[in-house]
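Enquirer: So you can see what is in the structure, the chains are spelled out below.
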Amino acid sequence: MLDNTQVERLEAEAVNSAKVRQPMYAARKKIFPKRASGSFRQFKWLVMAITLGIYYLTPWLRWDRGPFAPDQAVLLDLANRRFYFFFIEIWPQEFFYVAGLLVMAGVGLFLITSTVGRAWCGYTCPQTVWVDLFLVVERAIEGDRNARMKLDAGPWTARKLMLRISKHAIWLVIGVATGGAWIFYFADAPMLVGELFTGTAAPVAYITIAVLTATTYTFGGLMREQVCTYMCPWPRIQAAMLDENSLTVTYNDWRGEPRSRHAKKVQTAGQSVGHCIDCNACVAVCPMGIDIRDGQQLECITCALCIDACDGVMDKLGRERGLISYATLSDYNTNMMLATAGGSCSVNPSLVRTADGPFSDKVAHFHIRKIFRPRTYVYMGLWSLIGLGLLYSLLTRDRLEINVLHDRNPQFVTLSDGSIRNGYTVKLLNMIPEPRTIIVTMQGLPGAEMSVVGDDIPAGRSFAIPVEPDRLKMLKVFVRQPADQIHGTAQTFKFRVEDKASFESDEYTATFNAPETAK
Amino acid sequence: MSDEHIDEISGVETTGHEWDGIRELNNPLPRWWVVTFYVTIVWAIGYTIAYPAWPMLHSATKGVLGYSSRNEVRDELTAAEAAKGKYVAAVESKSVSEIAADDGLREFAVAAGGAAFKVNCVQCHGSGAQGSKGFPNLNDDDWLWGGKAEQIQQTITHGIRFASDPDTRLSEMPAFGDIISDDQIAQVSAYVASLSGKIQDVSLVEPGAKVFADNCVACHGDNAKGNKELGAPDLTDAIWLYGSGETAIAVQVRAPKQGVMPAWGGRLGETKVKELAIYIHSLGGGE
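For the protein sequence lines, the chains are A and B, in the order given.
Going from the first sequence to the numbering used here is simple: count from 1 and add 60.
Going from the second sequence to the numbering used here is simple: count from 1 and add 50.
Any given hint could turn out to be false.
Straight line, CA to CA, 25 Å or less: simulated DSS-like cross-link-like pairs of lysine-lysine [claimed, not checked]:
#, chain 1, residue 1, chain 2, residue 2
1, B, K134, A, K533
2, B, K168, A, K536
3, B, K198, A, K536
4, B, K168, B, K134
5, A, K325, A, K376
6, A, K79, A, K94
7, B, K144, B, K183
8, B, K183, B, K278
9, A, K376, A, K94
FYI, nobody ran anything at the bench for these hints, they're computed from the structure.
Turn these sequences into a full structure, and let the hints guide you.
Expert: Here it is, written out as structure tokens:
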């Protein structure tokens, strides 16, 4: 077990701490986050691998849909206005599924934030993931915190130039790969990659890559924490979703204060001393350049790296972990009341524990029950309700549809034998990637017959017509009713479409207009 | 500008303006903002050199890139014409029945003819080609001069009763008010009306039939089915250009109205007329 003074004190000062809060106008102060190690860092590596893996690899997954549709598992085919997602194919009018997913993502974010705080910011936000990735490169080339600070402060030597050039070059390559992966979602990936390298891809592909390369490089490499602090609306919005039962990364000053580098000396002097030895490990690892010991603040993305750093120090000192931990405001308040004897004095660690011994029984710890409270029930309920609704709608949606547009000019035509003719634009939607023969039938309107313009289909009350796979077929249909069968100026009848093979059907109720003189 | 004044709290110089004791801090603009501002100025100078910009006495500077919005429109129109060229050439070289038999070509002709119809024909025939009293409905299956695509083409090219075109469709029903008596007009009107509907005084039908046989069959035929060679309408059907019923028929027998349609061949050219013919043929009544 180490003594307090044996833990190296890092010469770290938060560039944006409560003492020296950065004004909006000042030039940015560089942050050199130290490499952290611990369970949260492990978890973040895992999340990074999964999210980046999903992003870069998804376009390359194949999914067989037969000869009449693309075989890319996830494809936004803008040219043909189709969205493919594994076994789901979405037409433009079904885009509400995507909107529904976005609503679910929103409610899901509320749920996550109200339980575990800004987990989105700390672990999965692309800004966080890419900055992490860029830092990996930076560390590999320039070394860890101290080496980087030294390099940055030092004069421009050939070595510094080489390191800087290679770092920025790799960042740019990552940027290009990021932009490059994005466009594969919009076209057949294997084909597009060939076109890209032969210079035959569409200009928009190159433009998109260029724009995303620029944004990735600028946001991930140059702007970093400034994106979160100044540009992103989420910190403001998410702050409103936290309540006293949400877990946030918390410095437990009820056990840490008064912090001291020289505990022994202070104790000998008869003063109480907290667990924090003021080693600045939490400050050195922070990618946002803040001091978590100032309390919860806007800039904190709750990446939990300070927890890892502090836990490491506590382990070395043989003290219980969790000086910085995920804690709720209510637990924190309870413990603070305990440590300050109800707010009557400054923090006195001896009120919550014996000298370097175990904590008092009265210290509140997080309990899993706190996750289940009315607020989270509402979010969970809402989230599942929308999800179930979308799922139901998806499972029962039509893959064969008919839409009818009644001619309005003229509404009807009197023919030489006195019969009345109405014109309709009939649209048959075959929404599966297979050709099929669709039977169109009239229901109602006695005596009337249909004829299709331009097709060799005999007039009658029913006809069969082939429709190409995954296509809409537009027909001009004339309906003609003999004069003596007409009842009223606006009769309703139905167009019914049917696929005998799959037993799917759809109906459209249309109106048949006739002049008043026709009876 | 008043004397220099430093704000006590922030330590920032103020602009010297004061409103009811409130002073405005003179914070420096953010660097990126200033840089962007200068970039826009440089950009604007380059822009006015590259593109038409500065107004002079009689025109404006042309810009070194030679851009002009008129040229852009002209280029777009030329490109559109070029894109249509293949179809236009095919319409030009083929007969209307050949065009009608070709799906792609027919679709093109219907679209082009529809556009031409809206410009040239809707004034009389209506925007839906539904016509009105004295102006034939082109949607129905009743054709005075024939409803085959070629016949429609002929009618559009040379017009009807259009004096300055020697090949125009020509027919003239005499004004029977000068030829037969008022009674005979009433009788023949009753007879004609009875062919397609009910009339009030059936006793007029028999003498009317005789008047019809004496005066009308030459053009309208023994069975009153009309004659498309002469533009004589079918009197047995449900479609009446000048109104149905005995009264309207009597008016038309006494002093017939004779509609005139201009010849469009010279004005629109053969290709456009073909497109129009295909369009009208497609409206549902084509034969």
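Enquirer: Hint by hint, which ones does the structure fall short of?
Expert: Violated hint: only 7; rest satisfied.
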